[in-house]
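Residue numbers (numbering that gives the first Met the number 0), protein chains in the order written: chain A, 0 to 219; chain B, 0 to 219; chain C, 0 to 219; chain D, 0 to 219; chain E, 0 to 219; chain F, 0 to 219.
Accuracy of the hints is not assured; some may be wrong.
Just so you know, same-sequence chains aren't split out, so a pair can sit in one copy or run between any two.
Stated by the list, open to error - Cross-link-like lysine-lysine pairs, in silico, PhoX-like; alpha carbons within 25 Å at most:
| no. | residue 1 | residue 2 |
| --- | --- | --- |
| 1 | K86 | K51 |
| 2 | K146 | K217 |
| 3 | K92 | K146 |
| 4 | K146 | K29 |
| 5 | K146 | K16 |
| 6 | K212 | K92 |
| 7 | K16 | K217 |
| 8 | K146 | K86 |
Worth flagging that the hints you see were computed from the coordinates, not collected in a lab.
If you're wondering where the values come from, they're calculated on a predicted model, not measured in any experiment.
6 protein chains.
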Amino acid sequence: MLEIEGSYYITWCNYFKGPTIGIAWTQDFKTFVQLENAFLPYNRNGVLFPRKINGNYVMLNRPSDNGHTPFGDIYLSQSPDMTFWGKHRLVMKTSHYWWKNVKIGAGPIPIETTEGWLLIYHGVCLTCSGFIYSIGAALLDIDDPAKVIVDCENYLLTPEEPYERTGFVPNVTFPCATLHDADTGRIAIFYGAADTYCALAFAHVDELIDYIKAHPNKPI
Amino acid sequence: MLEIEGSYYITWCNYFKGPTIGIAWTQDFKTFVQLENAFLPYNRNGVLFPRKINGNYVMLNRPSDNGHTPFGDIYLSQSPDMTFWGKHRLVMKTSHYWWKNVKIGAGPIPIETTEGWLLIYHGVCLTCSGFIYSIGAALLDIDDPAKVIVDCENYLLTPEEPYERTGFVPNVTFPCATLHDADTGRIAIFYGAADTYCALAFAHVDELIDYIKAHPNKPI
Amino acid sequence: MLEIEGSYYITWCNYFKGPTIGIAWTQDFKTFVQLENAFLPYNRNGVLFPRKINGNYVMLNRPSDNGHTPFGDIYLSQSPDMTFWGKHRLVMKTSHYWWKNVKIGAGPIPIETTEGWLLIYHGVCLTCSGFIYSIGAALLDIDDPAKVIVDCENYLLTPEEPYERTGFVPNVTFPCATLHDADTGRIAIFYGAADTYCALAFAHVDELIDYIKAHPNKPI
Amino acid sequence: MLEIEGSYYITWCNYFKGPTIGIAWTQDFKTFVQLENAFLPYNRNGVLFPRKINGNYVMLNRPSDNGHTPFGDIYLSQSPDMTFWGKHRLVMKTSHYWWKNVKIGAGPIPIETTEGWLLIYHGVCLTCSGFIYSIGAALLDIDDPAKVIVDCENYLLTPEEPYERTGFVPNVTFPCATLHDADTGRIAIFYGAADTYCALAFAHVDELIDYIKAHPNKPI
Amino acid sequence: MLEIEGSYYITWCNYFKGPTIGIAWTQDFKTFVQLENAFLPYNRNGVLFPRKINGNYVMLNRPSDNGHTPFGDIYLSQSPDMTFWGKHRLVMKTSHYWWKNVKIGAGPIPIETTEGWLLIYHGVCLTCSGFIYSIGAALLDIDDPAKVIVDCENYLLTPEEPYERTGFVPNVTFPCATLHDADTGRIAIFYGAADTYCALAFAHVDELIDYIKAHPNKPI
Amino acid sequence: MLEIEGSYYITWCNYFKGPTIGIAWTQDFKTFVQLENAFLPYNRNGVLFPRKINGNYVMLNRPSDNGHTPFGDIYLSQSPDMTFWGKHRLVMKTSHYWWKNVKIGAGPIPIETTEGWLLIYHGVCLTCSGFIYSIGAALLDIDDPAKVIVDCENYLLTPEEPYERTGFVPNVTFPCATLHDADTGRIAIFYGAADTYCALAFAHVDELIDYIKAHPNKPI
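With the rest of the complex left out, here is chain A:
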């Protein structure tokens, strides 16, 4: 979460005649001050980096449509003041791997590492019974996070457990947030399971980064 002198910034999918990214800050998690919407509709999956980069706030986001969007790539937008946004860049597109060939979107706030920003994201494919949401990961350049250093060809996790496969929306694992213990490198990944349960998976930063680097996307 982006924290600036005791103010914590949150983002969410806000309704502005269509979905777009809302922004607010709070100091006590009791009262919140809502800022301008970052973008025009239609947009989802707005995720702020935890600090300014090159003097600007940076937000990952995904241009969308007004429904169960059947497409979607990860973009990045920048702002000097959290009100006006620009310098939009494409970060990552869907690819030929089955688990992320329909749409992808950011989830937890990227984790700063010595190897780059560790981005945990969701990838989506479409079966004849609906979408399947899996969890993937990539490394973005520390100084220019629109640059992908390496994107992992494999998912980290895909719905397999009963609580991931059965529920309000079957077959969904959707990463939402991480807690990172800097001392041990342990990460707790909170993810929604089947749009019904809140599940928790653990990993170590080093392991993840090693795995990502060992299994980069390959051309078709």
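Please build the complex by placing chains B, C, D, E and F on the supplied structure of chain A, with the hints as guidance.
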């Protein structure tokens, strides 16, 4: 056209993994300097007001999709520097009148008058043989152009002439630009006809404004 | 038009949370009394026979959807009192002939003849540029108009003239009403052309009936 | 079930070139007499009130389309004789609550109470893995059941058990019939689970009514 | 599997700018020689008969589209040389039975019996939560397998077990291959369950054939 | 047209539970002998080369769907005997040029020249009022016509005349056949206009080839 100390700004529908609004300026109409895209995809019909309002540049635009968008309302976005955009507002929506019940979008740059900004726009309906593009008009508040003073319930012009009804895309009259003679109040409206011809219609500001005010939108 | 002791009944496509058939009567064509809607949504092309048949009012109609319906057959419904409707029957379906293979619907009020009810209707096909509306004809049984005596395989008229091919909705000839001179057998068929013009075609009852009987629908 | 002097009336979704409402009666549940279809296609969820109201039979129903209808509101139609139907009224529409924002439809026959007709119905939403069917309830005016006294904002039951979540059509709870013990006020609600199982839930009329009244629909 | 003098032929869904049927042969299941694609795109479910018939190789197949094909019938094509294919015939179409009313396709290689070719195939229906794949069976003429002797109206197996109902694609039982013990008549049917598990079902040829003949398709 | 010892071969879009390519031959254009369909459904635009190439008959064709196909590339198939077809190759795909970005298909029989096979084809784009059919040209390798030597980036002809813009299907110019005068190099191109008229355009082989070579497709 927005002109600042000899620099003329132009906007267009730019391809950025999908349509969005491109911006550039020129001093001699021979060399052009392209700025950042104003928005994320998907957006069309970006139209700059001819001067700053309340210290910001202001651009009308229409969030869209990636194809022959079957919806669309007019929004307004603001920028202190022509690079970062925010303070997005909804200006006008489609309405129950047949000729503008599917989508609407800005066209020529608004004309400043003592009664408000005179906005000439296009309205679209859908028949079983495709879209029909007509020309409409409204007045926006001078100091807060997100506020509509009055929107005319009738179209000013709808495809009726052979060159408007037959061509590459039949049944299109699409207003693109106006020339305004301040002395006489005469306006020349350049509009695309059937996506094939460039046509020209004339009107007087006073007549238009009187007509708009005499025929406001009415509730259903 | 159905006339009962000086009261004239009209039907139209009424909006009842979706299209359905409205009914009203008038004695002077200045004031109208609206009755209950005949049907639930979604329905179009409601056409009353000009007299009771077997003690009931009879109305042709076409179950539809809420948009530019891509299907549609002609049904018939009956009522003892113009308020409650039932005994619904299927009269005619679309067929394999190109000009009526997508939908068909009644238009003018059927004309009573010694050979049966002369039904002039519209047939619709779909090209890659939209629907084409042509005019066809059939004979229905006098005492049981849900029975088709003979349906003509050919259209009587299809868009060929400039005013039928070009306009608000290109390629539409839509029969709406007929005037029948009982003495000479001459019929005037009023039809909409390109949803823009009101056109007029003439025929003789005997000719039409001979033509229909000489060119019946054939199996595929 | 509507019972008149020993004759029991049943309704179902009948195929009449498309779904519509069939009606039949029986005295011994061995032989059945089928009446006219109540409506033209396309209609589903026809439910007769258990007695005449204001001298007419009354049937809830839902205008539909020919497939997995992605819309649907509850209407009411009236008949003096179970053959001719009219005086159609809209009773309830889908609303902004997630569980009933796509379509709604009647299920069990309404239960007459001192507070009005207790209507148990299904509400449907659409996830990216298909529809979810939940069970809701409302009170309708005793003398004019097209008037909704109060509609409960919450579902009574939504798929959560394994047998509701997994099966031929996952995530379906579809109320079909109730048994009402007038002495104790106990209701048995039979509902289809996942289009696979026949499930049974119990409630008390008073509790249900109290709950409905305590949680009315609220504006958005 | 088609075996010719020690060469084993395999077929699969090959990507040729779209799905079509690939063919290859092997002698040791370590090295494979790929032949020409049998067909133009789009095609799936290519299944070779285990021997030549009337001097030609014969392949069942299903013309398809480029996605989750919502239609599909079983065709048969012939070839003198495994390179050029022709004499295409329609074998079986979808029918009015719920479990095979959307598409059907061959699966295991047909088993030669004294009663004809025993064809085990999949049938598909579409619920509002996606497709359901069931397993069916039919007998084809030994000398002219485009002729259906009898097609069973009932499925042999439909998803009911947890491992068939829950998984990557819920509700799928997809027959892929059979082993046939000629001495005892016992058949092992390998089928994919929920696109996740490899499942195994047993039957006896005689039982199957008796069942098929006792339950033929009936007209609607 | 392919002529072999006095037999002339014709191809057309045949209905075989869906469109595919029919083949027949005639010696007197009065009686015709129909052969096997060349392909499984769905296929259109089958065009035979005027002589065998490398010992096989060669046919251009376009895998399609069952309706107003919104995609389509040109393939080539080969046959030793006009009955069995194989060795399918992709010849040309749609490209980024507006007039051929939706689908392309062969039309007249290719003309043999010293520079290669001169292929005149149609290219299609989609406007919000339907498809536009234009005429383009390319050169294919004489010995291996699956190889494109050069494909012209510009159309040769696009609907501009009244009889091309207005008719049964507006905005269609569809090349069907050519006559080639070997002495003068003059070509007559017969093309359908608006699916209503038969139109005729003239060109010279040398001019066409020079133009194609001077305006090759360029990368985006």
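Cα distance capped at 25 Å. Does K86 pair with K51 within a copy, between copies, both, or neither?
Result: close both inside a copy and across copies, 14 Å intra and 21 Å inter.
Within, between, both or neither: how does the pair K212, K92 come out at a Cα-Cα threshold of 25 Å?
within (18 Å within a copy, 36 Å between copies)
Checking an output row: K92 and K146, CA cutoff 25 Å. Within, between, both or neither?
For K92 and K146, only the intra-copy Cα distance (12 Å) is at most 25 Å; the inter-copy one is 32 Å.
Tell me, please, which holds for K146 and K16 at an alpha-carbon limit of 25 Å: within, between, both or neither?
between (32 Å within a copy, 16 Å between copies)
Can you give me the call for K146 and K217, within, between, both or neither, at a CA distance of at most 25 Å?
Answer is within: at 17 Å inside a copy they meet the 25 Å cutoff, but 29 Å across does not.
Can you give me the call for K146 and K29, within, between, both or neither, at a CA distance of at most 25 Å?
neither (37 Å within a copy, 34 Å between copies)
When no copy is specified for K16 and K217, does a C-alpha distance of 25 Å or less occur within a copy, between copies, both, or neither?
So K16 and K217 pass the 25 Å test across copies only (19 Å; inside, 40 Å).
Taking 25 Å as the upper bound on the Cα-Cα distance, should K146 and K86 be classified as within, between, both, or neither?
within (14 Å within a copy, 28 Å between copies)
Checked against the numbered hints above, the structure violates only hint 4.
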